[in-house]
Amino acid sequence: MTPVALGAGEHGLEDEGAFRTWYDQTLPRVYGYLLARCGDAAVAEELTQRTYLEAIGSRASFQRRSAESTWLIGIARHELLDHFRRQERDERRRVHLVRRAQDADESGVWDASDDRERLMGALRSLPVSQRMAVVLHYLDDLPVEAVASSMGRSVGAIESLLSRGRAKLRQQLGEDDDD
Amino acid sequence: MMTDRLRARLRALDRPEDPSPAFREGLYQELARRADIAAPTDLPKTAPVQGRAVAGRRRWLPLLVAATVATSLAGGLAALSTRPTEQACEPARAQTLAEAAPGIDYTYSAEGTIDRTLTLAGEVQERDGQFRLSGRHSAPDRSHERYLEGKEVALIGSGADESLRIGLENWFIRADAAPERPWRTVDATIWEVEWPNLSLLPRDRVAFLLQGSTEPASAVDWTALTAPDGGCRLTGTIVPSPSSAARRTITVEIAPNAALPTSIHEEWTDYQTQIGAWTHDVTWRFTPSVEPVVIEPPAPDSVAPPMFSAEDLETSQFSPRMTIDGLGGAVVDVAPGDPDAGDIRVTVLEIREDTGYGQTVPFPGTMFLAVKTRQEALQVIDGGAGSLSWLAVSSDGAYGGPLAAWRIEGGYEPILESRLGLQPGESLEGWMHLVAPITGGVDMYWHLGGSTVEPSLRVKLRPDPVIGSGEIDGVPWEAIAYEEIGRLCTAIRERPGDESGGGAACGPRLMPEPGIFPAMSGEPLIAHGATSEEVATVRLETTAGNVDVSVTSLASLGIPAAAFAVAVPAGSDVIYFVALDADGREVGRAVGPAAPELLQPGSSP
Chain A
166 MTPVALGAGE HGLEDEGAFR TWYDQTLPRV YGYLLARCGD AAVAEELTQR
216 TYLEAIGSRA SFQRRSAEST WLIGIARHEL LDHFRRQERD ERRRVHLVRR
266 AQDADESGVW DASDDRERLM GALRSLPVSQ RMAVVLHYLD DLPVEAVASS
316 MGRSVGAIES LLSRGRAKLR QQLGEDDDD
Chain B
93 MMTDRLRARL RALDRPEDPS PAFREGLYQE LARRADIAAP TDLPKTAPVQ
143 GRAVAGRRRW LPLLVAATVA TSLAGGLAAL STRPTEQACE PARAQTLAEA
193 APGIDYTYSA EGTIDRTLTL AGEVQERDGQ FRLSGRHSAP DRSHERYLEG
243 KEVALIGSGA DESLRIGLEN WFIRADAAPE RPWRTVDATI WEVEWPNLSL
293 LPRDRVAFLL QGSTEPASAV DWTALTAPDG GCRLTGTIVP SPSSAARRTI
343 TVEIAPNAAL PTSIHEEWTD YQTQIGAWTH DVTWRFTPSV EPVVIEPPAP
393 DSVAPPMFSA EDLETSQFSP RMTIDGLGGA VVDVAPGDPD AGDIRVTVLE
443 IREDTGYGQT VPFPGTMFLA VKTRQEALQV IDGGAGSLSW LAVSSDGAYG
493 GPLAAWRIEG GYEPILESRL GLQPGESLEG WMHLVAPITG GVDMYWHLGG
543 STVEPSLRVK LRPDPVIGSG EIDGVPWEAI AYEEIGRLCT AIRERPGDES
593 GGGAACGPRL MPEPGIFPAM SGEPLIAHGA TSEEVATVRL ETTAGNVDVS
643 VTSLASLGIP AAAFAVAVPA GSDVIYFVAL DADGREVGRA VGPAAPELLQ
693 PGSSP
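Which chain is which? The protein sequence lines are A and B, in order. Numbers 166 to 344, taken from this note's numbering, label the letters of the first sequence in order. Numbers 93 to 697, taken from this note's numbering, label the letters of the second sequence in order.
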């Protein structure tokens, strides 16, 4: 199979100008996508790098059935999920004492006045599995069934994670709990 | 609604962002370099998605339980003392020998292999076991069996390597037993799954082999062939499970005029649906004893105490643990004295016999139980999936056996993944314990407390009081109250519409007086909550008018409080919750979502 030239029409990757344009146009979307979901610039950079490296390596599989940016975001999502899974495993390895509702003050989330920072802080404060579910369902608009499939869990488990994630986000964001 | 608002706020996060210039350029240079030489194999691979690790040893437990139960049941054969008369070589000879064997003193030896293949969660595990043993049978009810040096540990596992049976009592000794207490006694009706090799210990080996076990399988289809020396060769086939490919063939060599076979060769392939297979290829050799074998029991002071006594259940080695006697709920503070550690609540909704299991692999006389629990069990595992390890203990404290760790992935009504096989009898009449050790190294990842936590708990169980119920659009709903450590909670147990769960609210266990702690759950809305005990009625002042609901006393929980639950009229919202005493006097009030003081400019979605 002939590799598809990313962002370069017929010119291929050797066309540096086209490649540069493609990179400049897609990078903010990919990086922004990852930053919003992982809430950490360093992690977002690492995942962005992985995403592009994977994209170049697997460009043969890109069939142009979707926009390149969509394809890239798809790869980024896979990288993000892998990241969450690694985090989850690391988290489980630690002695995990169950705590009652954590004080948001502990993480300093409330020090930030900007709503975006608050949102990202609230997301970061979620346990990884809840964060995965919330990100995939509410930010990526994946149906619950698709989230369950991505996370390798049952639909019921995802519903439960979403419910608890919502409750905790509301708590963190100071919203009323009305469902 | 709230979810939409939350979604909208989260969506605001999604916008293009520029990384640092240094990162941007650095990555570009790297990509450009790699693109020119792009070969996928040269690229760094992202971390593969790993399946969850399966603890191999733990995963063997279900099979060992099953295998033990399956074959141990063959032990209850009637001991007959009649000696066979000389018979022609014909299929009926097998039955004659089987009936006579328990009355004959003999020694025996065996060697062969037992290979097992398990496929669990996509992981294939293989165990090859070569073994040799020798034994003696002393009619009518004594036997001594010992595995010989050089045996494969894989077969024996952590089990006993020497056994002694006198009457209904079994003594076992394991290789790593303390020298001063080498023997351990186990009641004949209880099978110790830590010692899988006990499955090879029927009361009478010859009868067991000739009868092909007592499983409700096809009758043994024997064929007989007279040997040139006047002896007899019987070949039998048995199909333990018509629904699987399980099959057993037995070849019996009988010397002329012998009352006992000289050898029995068995080949046995068995399957357990979705788990795996194991094959036996074993040859047994028998020699009649001229003199009766004297088998002495071990000295009483060398017998180790039983693993679980009634006292053990009160002071379990697992600390803390919960004990579930039948249906009901239990709350366990996983680390008393540690305010950071949470509590776990498990409610058992149903314990039923799982009859489907036995249809695949017939285990007569064994009941398989399924235990359904409720989601409160999950409240402690917000950090991700976890698991509980369970022990099943029968009501007399006898040991039923461990289960594979119950993996909790969330969900509303998690069910124990593994079926629990128990051999019925006196010990199972009435009820059983499920003991969940919930601290320490649970599934390698999940710890609820420290191993030093104590004391053990024995939790009194009681049904959750129903504080309200009804029907919305033909779908029933029901609300309950329950106690957590230091807290009183109300929750919607079943409800129409909203599948996303939630719906539980908790307040202090001891209500300020007077007081009302309301909550709203779900869509359609159901109002529920707790009140102080002098409250008799809660009035919902809604945008569609007032709704009065009588409270339910929680005296049955030993809590001086009451609780209520009532559906909010469709399309309306609650302005105030008003607590009224028996005389209709207002004794408390709480604002609802539609209260004017909450509807300030800018606060609505």
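FYI, nobody ran anything at the bench for these hints, they're computed from the structure. There may be inaccurate statements among the hints.
[Unchecked claim] Simulated DEER-style distance windows between Cβ atoms:
hint, chain 1, residue 1, chain 2, residue 2, range
1, A, Ser223, B, Thr371, 40 to 48 Å
2, A, Pro308, B, Ala662, 54 to 62 Å
3, B, Ala674, A, Pro308, 48 to 56 Å
4, A, Arg281, B, Ala687, 26 to 34 Å
5, B, Ala687, A, Ser314, 24 to 32 Å
6, A, Ser319, B, Ala662, 26 to 34 Å
7, B, Asp373, A, Asp205, 52 to 60 Å
8, A, Ser319, B, Ala687, 35 to 43 Å
[What the hints assert, rightly or not] Not the full set, but computed from the structure, chain A residues with beta-carbon under 10 Å of chain B:
hint, residue
9, Tyr196
10, Glu210
11, Thr213
12, Ala220
13, Arg242
14, Tyr303
[Unchecked claim] Computed footprint of chain B on chain A, listed as stretches where at least three residues anywhere in the stretch have a Cβ under 8 Å from a Cβ of chain B:
hint, segment
15, 182-195
16, 200-206
17, 281-289
Built from N, CA and C at the ideal position, the CB exists for glycine as well.
Results of checking the hints against the structure:
| no. | hint | result |
| --- | --- | --- |
| 1 | A/Ser223 with B/Thr371: 40 to 48 Å | 44 Å, holds |
| 2 | A/Pro308 with B/Ala662: 54 to 62 Å | 27 Å, violated |
| 3 | B/Ala674 with A/Pro308: 48 to 56 Å | 51 Å, holds |
| 4 | A/Arg281 with B/Ala687: 26 to 34 Å | 31 Å, holds |
| 5 | B/Ala687 with A/Ser314: 24 to 32 Å | 42 Å, violated |
| 6 | A/Ser319 with B/Ala662: 26 to 34 Å | 31 Å, holds |
| 7 | B/Asp373 with A/Asp205: 52 to 60 Å | 58 Å, holds |
| 8 | A/Ser319 with B/Ala687: 35 to 43 Å | 39 Å, holds |
| 9 | Tyr196 | 5 Å, holds |
| 10 | Glu210 | 5 Å, holds |
| 11 | Thr213 | 7 Å, holds |
| 12 | Ala220 | 9 Å, holds |
| 13 | Arg242 | 12 Å, violated |
| 14 | Tyr303 | 5 Å, holds |
| 15 | 182-195 | holds (count 6) |
| 16 | 200-206 | holds (count 4) |
| 17 | 281-289 | holds (count 4) |
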